[in-house]
Structures are given as C-alpha cells and as structure tokens.
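Let chain A serve as the given structure and place chain B on it in line with the hints.
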Amino acid sequence: MKDLSDLEIIESIRNGNDSDYSLLIDRYKNRAFSMLSRMLKNNMDAEEVLQDSFLKAFTGLRNFKNEAKFSTWFYRIVYNTALTRLSGKLRKIENETSSIDDKLELQSNYDYNSSEKEDLSKFLGEVIKELPTKYASVINLFYLEGMSCEEISEVMNITVASVKVILHRSRNALKDLLISKDYIKEII
Amino acid sequence: MKTLSDEVLNRYIDGELNRDEKREAEEVIKNSTEDRARLNTLLNTDHSLRNLAVLEVSSNFTSVVMKRIQRSLRSRQEQKKFIVGIVSIFIIMCFAVVGIIGFEIVKNFNPETSSMIKDSIKYITSASQLISNIFNNRNISIVGGVFSFGLIISAWFFFDYSRMLRKARK
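Residue numbers (my numbering), protein chains in the order written: chain A, 1 to 188; chain B, 1001 to 1170.
If you are wondering where the hints come from, they were derived from the structure by calculation, not from laboratory data.
This structure is a prediction, so every number in the text was calculated from the model and none was measured.
For each residue, glycine too, the CB sits at the ideal point set by N, CA and C.
Among the hints, a few may not be true.
Covered stretches of chain B, as calculated for chain A (at least 3 residues, CB under 8 Å) [said to hold, decoys possible]:
#	segment
1	1024 to 1032
2	1038 to 1047
3	1068 to 1078
4	1096 to 1104
Far from chain B, by Cβ distances over 12 Å, these chain A residues were calculated [to be verified]:
#	residue
5	Leu-4
6	Ser-5
7	Ile-10
8	Asp-26
9	Glu-47
10	Phe-64
11	Lys-65
12	Ala-68
13	Phe-70
14	Asn-80
15	Thr-84
16	Ser-87
17	Thr-133
18	Glu-154
Same shape as in the complex, but just chain A (with noise of 0.2 Å):
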C-alpha cells in the first residue's frame, strides 16, 4: 500500500477511501514540516500551519488536476498557508520583494558547542532558520524535497531566475557563515 504513487492514492480517496489519505500525510509531514518550522522558526506555529495545510489540501482534493504535480500543489498550498499565518502575526517581517536585491549577511547567534559541531546538518538547520522566509524555503525545497527551479518557482509563484538569485545567495551566505563559525575551511 505504501508504494502506491500520490496519483493513485489521491484515485483511491476520490473513491471514498478518505482513510488512505493517511498515506499521503505520512509521506510529506516531515518534509513539509521542517520547511515550516524554518519559515516561521517556530515548531508549534509550523504544526499549526501544516495541519490546516493537509485539511485544506483533502478539501481541495477535488479541483486537483492529475496533470500537476502532487507535491507541487501541496507544498503551494503549505507555502500559502504559511505565508498567511505570517502576514498575520508580524506584516514588518521582511520585505519579500526587496530582499532579493539586498546584499544578504547571515549572523548565527546559535550557541553550539563542540559535540554539535560534528552534527553539521543540525547546525545548518538552526542558521537556516535566520534567513529570510523565502531563502529558508527555496534551500528547503531545492534540498529536502529535491525539486527544480522551475517547480520551486511554480510554488512561490516567483521566477525561475529569482529562485535562482535566492538559492546562489543563500549558499553564499551560508558558506561564508560556516566559514567565520570554522565548520569548513577554505582549502587553499
């Protein structure tokens, strides 16, 4: 049952079986979580959030286009979702548009110490979360959910070259933070 593809799970719900749904929930919560918790830098909001995402999703069910992309469509939705929670709890956040063009410089005041230092993923996790909102989520959906610039523009409903200004920045700006934090040396 669990090699079922999203297109067929979704069939078997259009047929009455709301319970397979449970499949599809399984499949993206965690992905899709980690990429709300580093948006809105707040696990609670971003169970919250993913929550009223997967409803809005199954309600949604019916207007999805076989055509699309599942994850594609859901993770719009998550984006939205959690765009929304965002605009109505602090609309100063950032200005989205003209974040792009400014010069982007990560500061982590992330405490580690030399035990986390070996678990880097974690350490990138928590500096992930100080970056702007759509910084944080393109370096999620290009590396945790593996899509392109194109299916990462058609989720932020942004271009494929802003997708690709933000993703050079934010690896930019990440390297040169794991650099000043001594994670990984230059190699000269």
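Just chain B now, with coordinates in the frame of chain A:
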C-alpha cells in the same frame, strides 16, 4: 589573472554553464588556487545542505489531522442537512399559503349559479383579491414584518449553527 565570480561558481555547481563557459571556468579553476578553494568551500556547503536534517512532527500528528478531517466531513454533512431543513420549512410554508388560498377559493365556489368560464374568472378574481388583501397598504407592513422576522430568526440560527460547527471542528 582572471577570477570567477560567486555567481559563475554557483552556476558551475548547478550545471548551468554552457560548454564554452564550463571549459573556460575549468581552465580558471585549474590555474587559480584561490578559485579552487572557493569552489571547494561552495561544494562543501552544497554537500552539507544535501544532508540537511529532516525534522519530525509529533508522533500523533497523522491521527490528529485525520480526526480533524473526519470532524470537518461530519460537520459539512450536518450543515447540508440543516440547510435542507430550513429550505424544506420555507417550501412547506409556501405550500401552506397556496393551500389556504385554494381553500378560500373552493369555499366561495358555487357550482349551480356559474358557468365554467364565469367560475374560472371568479377563482382568479377571488385569488387576486385575497393576495391583494394580504399585500394591501394596510397589511403589507405586517406581512413584511413577519417575513423579515422569520428571515432574521433563520439567519441567526444558521450563523449560530455554523459558529458552533467551526468551534467543534477546531
């Protein structure tokens, strides 16, 4: 000596350079230790990002969402039933009004003194009279008042019910 920009290095990592650009970049990387170092650190960052930790939601997450879905499905069905109930009451009321009018017409009907055409005209006249009596200047405000009151009460019940369902869904 020519150095590569971060932009070019990123495009090189993502495989976005064309054949000529790629060859040129590789040439620079080969001859420049500084560019080679920058490329390596970027590759390292990219590699680390590919191993980014996946965070986990609470263990009962799926069952919580499924319960919320079941509740929302149930409440939607109940809402549908409620709307059907309200509409049915209005339809019954309409039928009752038509029935009363019909009853009045039949009550005033005298088969011995009227021909068929005369009777038809009489029915129509008495029906229109009855309706105009109900909606005449004196009664219109009363009828309007009763109707509006009925609508307001129904709307209040409807919104209260929807609010209750929304609360239950949460």
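Each hint tested on the structure:
Here the segment 1024 to 1032 of chain B counts 0 residues with a CB under 8 Å from a CB of chain A, which misses the bar of 3, and the coverage is violated. A count of 7 residues in the segment 1038 to 1047 of chain B with a Cβ less than 8 Å from any Cβ of chain A is obtained; the coverage claim is therefore met, three being the minimum. Coverage of the segment 1068 to 1078 of chain B by chain A holds [criterion: at least 3 residues with CB-CB distance below 8 Å; count 5]. Counting residues of the segment 1096 to 1104 of chain B whose beta-carbon sits less than 8 Å from any beta-carbon of chain A gives 0, not enough to reach three: the coverage restraint is violated.
With 12 Å as the threshold on Cβ separation, the claim that Leu-4 of chain A sits away from chain B holds: the shortest Cβ distance comes to roughly 16 Å. Even its closest Cβ contact with chain B, about 19 Å, leaves Ser-5 of chain A beyond 12 Å, as expected for a residue assigned away from the interface. At roughly 14 Å, the least C-beta separation between Ile-10 of chain A and chain B is larger than 12 Å, which holds for a residue marked as non-interface. Non-interface call for Asp-26 of chain A relative to chain B: violated, since the shortest CB-CB distance, roughly 6 Å, does not exceed 12 Å.
Not every CB of chain B lies more than 12 Å from the CB of Glu-47 of chain A, the least distance being 6 Å, so the non-interface label is violated. With a least CB separation of 16 Å from chain B, Phe-64 of chain A remains clear of the 12 Å interface cut-off, as annotated. Under the 12 Å C-beta cut-off, the non-interface status given to Lys-65 of chain A relative to chain B holds; the minimum distance is some 21 Å. Every C-beta of chain B lies more than 12 Å from that of Ala-68 of chain A, the closest at about 22 Å, which supports listing it as non-interface.
A cut-off of 12 Å between C-beta atoms confirms that Phe-70 of chain A is not in contact with chain B; the least separation is 16 Å. In this structure Asn-80 of chain A is separated from chain B by more than 12 Å, as the shortest Cβ-Cβ distance comes to about 18 Å. The beta carbon of Thr-84 of chain A is kept farther than 12 Å from every beta carbon of chain B, the shortest such distance being approximately 17 Å. The beta carbon of Ser-87 of chain A is kept farther than 12 Å from every beta carbon of chain B, the shortest such distance being approximately 21 Å.
For Thr-133 of chain A, the non-interface assignment is confirmed: its Cβ lies about 17 Å from the closest Cβ of chain B, beyond the 12 Å cut-off. Listed as outside the interface, Glu-154 of chain A is consistent with that label: its C-beta sits roughly 18 Å from the nearest C-beta of chain B, beyond the 12 Å cut-off.
Violated hints for the displayed structure, listed by number in ascending order: 1, 4, 8 and 9.
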